Amino acid sequence: MRLNIIGLDKTVRRKHLSYPLVLSILGFAVILMVGCEPPLPPIKPSNLVIRPWEELFGVAIKPGSSDCYVVGTAGLLLVSNDGGKTWTRRRLDEGRPGNHLHQDLDLYAISFGPGGKEGWIVGEQGLILHTSDGGDTWQVQHSKATTQLLSVAAVTDKEVSAVGDHGTLIWSNDGGQSWEVTTLNNLTFYSVAFTDPNNGWVVGEFQTILHSGDGGKTWQVQRGGKVADFTVPPYFVVVPQSDNNVIVAGQSGVYATTKDGGKTWQDGKLPSERSIYGATTANAASTAGSVWLAGAEGTIFEGVPGAEWQTKDPTFQDLTAVTSTQHLGIAVGLGGTIMRTANGENWQLITESK
Amino acid sequence: MSHGSAPGEGSIVRYFRFGENILRFRWYIGGFLLLFTIWMGYAAAHVQIATRFVDFFPRTHPNVELTNKFASFGGADTVTFMVQVKNGDIFNLPTLKIIQDLTRDVNRLPGVNHNEVFSLASYRVTYAKAVPGALVARTFMYPNLPANQAEIDLLRRNVTIYRDRIGSLVSTDNKAAVVRASFNEEGFNYRDLFFAIRGLVKTYEDPNHQIFVAGEPIVRGYGYYYEPAVVTILVASVIAMIVILYIFLAQRSRWWAPIVTGTFSAIWGLGFVGVMGYDFDPVMLVIPFILTARDVSHGIQWQGRYYDEIDRLRDKYAACIATTDQMLPPGFLSIIADIAGIIFIALGGIPVLEHIGLAGAVWLAGSLTMVFVFQPILMSFLPLPQIRSEAKRVTGMYRYVEGLFAKLAEIPVRPGRLRAGILIVALIVLIWGVASGLREPVGYVYPGTPLYRPTAKVNQDLLAINHYFPTDEGWVIISHMPPYPDPESALAPAILRMSDDMRNYLLQDPNVDSVVTFATRIIMPSNQQLHYGHPKFLAVPDDIQLAGNLQYLYSTATAPGEMEQYLAPPAAQDTCIRILMPGHTTLALEMLTQRIKEFVKERVASDPNLKKIQVLYLGSTAGLYAAADDVLKRLDFLNITFVLAAVCIFSMISFRSIVAGLLFLLACVLANFGAFIYLRLRDIGLTIDTIPVISLGIGLGIDYGIYTVARIRDEVIGGSSLAESIRIAITKTGTSVFSTFAVMVGGIALWAFSPLLFHSEMSVLLMFLMGTNMIAGVLILPCYIAWARPKFVVKHEQVQEQAAAGGN
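Note that the protein sequences, when read in sequence, are chains A and B.
Heads up: the first sequence begins at 1 in this note's numbering, then just goes up one per residue.
Heads up: the second sequence begins at 1 in this note's numbering, then just goes up one per residue.
So that you can see chain A by itself, here it is in the shape it has in the complex (with noise of 0.2 Å):
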């Protein structure tokens, strides 16, 4: 039998063309059925929950449990149901547009209701977050406020104020559908508390400090309150400790005191001119009454007004935000820093390894 191969070829019997085709079948047959090169493993998203370069801006110990929850930098949640040994990260997607790859504003506050359900986060652009279920869903509410709001207080668990730049000042009474905003000189204000439903402190640029009698309603101004010199340093933190004893610190290490709710204020000094971020009353067992003052350079300083500071070193970023109970202590920071207490001694560091 002869085959015509183009022409070339013509007396080429078929039995000697086969065993170079079967082979080059064979060989195209390897090649389709190895496919071309391996592909290239999924990319999956980092597995570090707490990541070195995100900066974290706010702490809370949810009322009556150890769940502790920070937030920080393009819509970070961190969440630790162990009193901050361990921690989760939590999505804050619930009615954002655009929420894809950390499209997501910086959250600077976190403040939860006397009864451990109501809470509330607020950041950048007026944003604010709101859970009725503990925390496990949160959802936007809106104010007329578009300016940073850098701080928040849930005073009880329908009253909640919140502070922030360009003389910001938000308050609500009805868990937060409807907001009352008002603002005072284009001041930029860092920080607010209560020491109970209605008497409560905010502390901004120019060592202006503002008092509230009604929850937050209104506010009258105890020192400051006007745009001055850029040199009188801001007060960052307040930290009432009743109605009559409050401490508020700032800047450069500017501190000062009042034993009659803001009446007259006594200016002190604290060990360094390191500034102070964060504040809060110690409640942790060993340190009953004193405060803890946090800030520049990684700085805890503890104590109570009129005595001596300790001042304790446990990092070097910059300490944000720090919160207690009556066994645990958590500070946060920029770098991812987290940072837990049993007793107020002893500052652990929370890490994790790339």
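Don't read these hints as lab results, they were simulated from the structure.
This one's a predicted model, so the numbers in the text were calculated from it and none came from an experiment.
Treat the hints with care, as some may be off.
Heads up, simulated PhoX-like pairs for lysine-lysine below, C-alpha to C-alpha not over 25 Å straight-line [unchecked claim]:
id, chain 1, residue 1, chain 2, residue 2
1, B, Lys795, B, Lys69
2, B, Lys601, B, Lys612
3, B, Lys129, A, Lys269
4, B, Lys597, B, Lys69
5, B, Lys202, B, Lys86
6, B, Lys129, A, Lys312
Derived list of chain A stretches under chain B, where covered just means 3 residues or more per stretch with a C-beta under 8 Å from a C-beta of chain B [unchecked claim]:
id, segment
7, 49 to 56
8, 147 to 155
9, 223 to 231
10, 314 to 320
Note that beta-carbon positions come from the ideal geometry of N, C-alpha and C, so glycine has one too.
Once you've looked at the hints, dock chain B against the given chain A.
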């Protein structure tokens, strides 16, 4: 023994009486070739030995164009000096003084960009602190060293606190500090810079301080450092080749003729390099050497046949004509295969490969001319080679090898398990080789350069530095931004926020060490400082005017050109996001590119505030390597396809048979895809450096098969039975192929001892390739022909038989 072809049965060469015509016009042809060689020799003398970094990357690839277009964002030529302390940390006066002195001396190196010398002791590296009413910027250790222990402690504290500012210059454990400098490519040559840098290292190293250096100028510079060793190996290899040549051809008085033709074609190749104005890279030195060895082996083939013809015809002219006519077709075919192997690498647009491809093709074309045209002319002018006694001729090595091949020849001609076994094993190797070839990784499998051994100083240094500091950089360019104060200008919150988001996203890639953006490095920290240093303002400003003010404030305190690292002048329409990585392995680069692509799709394309801008990636070193990987992947596939197609088509034409074409194609795949098995086992990837050698190897070895099969066919035409023809071909051509193999291996073997891993790996790879090709050509192909009796060979046998039958 062959008796030549039947009239009219031969190739086109014989039809046109090439051999006869070459000798008829030998004065004109020989004279012209000599004059041309002299002219090429003049050009070859002007070849520049140099290395140009950009020549190693495909110049039309978007990544390379991007890198060139935005060169103001920082050149690719960066050198990192790392001072590592053996005992203690860097915070002691002797170490700090070394850092300061080294910074000063680096600033004096040729071609250094004075604005881009960064270290703990640089005036360019500062930290800022907001104090009531002021913003204070301080250097870490400029202009003076700490005066006492208290100042050293303060420096240590500042370094720890401002780690975000100094982290790229002082290691987290404080045991190492870096001086990093950029160089303007026009301002230096790699050799001088390299030796100046080595001088600095020598000056400042002491028992407690080790200095490591890394960067592209170092990698390239080591080529010059090893030059004497490489030249020694080169000379030794040439001598080895000559000695082996002498061993095989010494029975003839013209044994040196291949050296003449080899030298002349080398002059053509190098002359072409000179004429085209290409630079000759010392790292590539092994390639011209392989080409020369290849040329010499063609010469040996020719000489072997010539002596056979002399023995038969006892006339040098007749022998020259017969040899030319018989050797030109397979020689032409095999050189075309060689040229095919090298020319297609010029397709990728990588200048270095273009130079090698084109110069290699000219070199091999020179070979073709010299061996098959000039050599008969030369031999015709020389007296009849002295025929040494038959006894002497077949003594020693030659007889031993011939005896060995005579025994080997029995395997293909005897049907049985051994022959079947060989063919089955060949099939298995074929499949394994193809599978390995398809899975061959492209690019750098490990960090560091595969040019040198992992234990070489250059790689050890890189490893030491990468332990602390990333050395590779990739750029994402946000382009086409309208001018300020457009809501999509460089200072617009939407842009700043997006680049910050990109940073956060890319940092999740485990291969990414850090990401530097205009937003995170300048605007956000400035915003924080403006707000009394409060960390919650370490954020993108909420309005463009504030961002503009912050940028203005910052730029008033910068050195000339500093802002250009972030925003392209003059209208800031482009900004650069820098991705720092500890290496440029292919997988890391592919993952990074994929991530950026995903980010652009999900975050940029979907943002209604980002409609005007374009996101371009990937620039700088990471982008250049990614571009090379990208092109090599296509080039590798294209190249192999073209080479195989060329081998197939030319074999088809030469043997006038489709079966022959397919047979040589498969033999080529069988022998050369073995290279990929080797590469896979040794974990070598295809890179700009390795592809020319592998590619050349693919065309290189098929000659053995072509010569052997041509001889089988010639013997069948000459009247021998197929079995007898195979015996003769294996014994005679096999011995000659082996001598070629020995010349090449003998020469290449010494390269295995080169300090350059690239030379060493390629030497072993080429020896391996030569070996597999010899086995395929001398054993497996004859086995297959004996078993399958392909028509293109046995039809001549039938013609003879028919003629004999007709005669009866």
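Against the structure, the hints come out as follows:
1. Simply put, lysine 795 of chain B and lysine 69 of chain B have alpha-carbon atoms about 63 Å apart, too far for the 25 Å limit, and the pair is violated.
2. Of the supplied pair hints, the one linking lysine 601 of chain B and lysine 612 of chain B holds, its CA atoms being roughly 15 Å apart against a limit of 25 Å.
3. Of the supplied pair hints, the one linking lysine 129 of chain B and lysine 269 of chain A holds, its CA atoms being roughly 20 Å apart against a limit of 25 Å.
4. This hinted pair checks out: lysine 597 of chain B and lysine 69 of chain B have alpha carbons roughly 21 Å apart, not beyond 25 Å.
5. Between lysine 202 of chain B and lysine 86 of chain B the alpha-carbon distance is near 16 Å, which keeps this suggested pair within the 25 Å criterion.
6. Between the alpha carbons of lysine 129 of chain B and lysine 312 of chain A the distance comes to roughly 21 Å, so the proposed pair stays at or under 25 Å and holds.
7. Coverage of the segment 49 to 56 of chain A by chain B holds [criterion: at least 3 residues with CB-CB distance below 8 Å; count 4].
8. Given a C-beta distance limit of less than 8 Å, the hint that chain B covers the segment 147 to 155 of chain A holds, as 3 residues qualify and 3 suffice.
9. With 3 residues having a beta carbon nearer than 8 Å to a beta carbon of chain B, the segment 223 to 231 of chain A meets the requirement of three or more and the stated coverage holds.
10. Here's how the segment 314 to 320 of chain A fares: 3 of its residues keep a CB closer than 8 Å to some CB of chain B, so the rule of at least three is met and the hint holds.
Checked against the numbered hints listed earlier, the structure breaks hint 1 alone; every other hint is satisfied.
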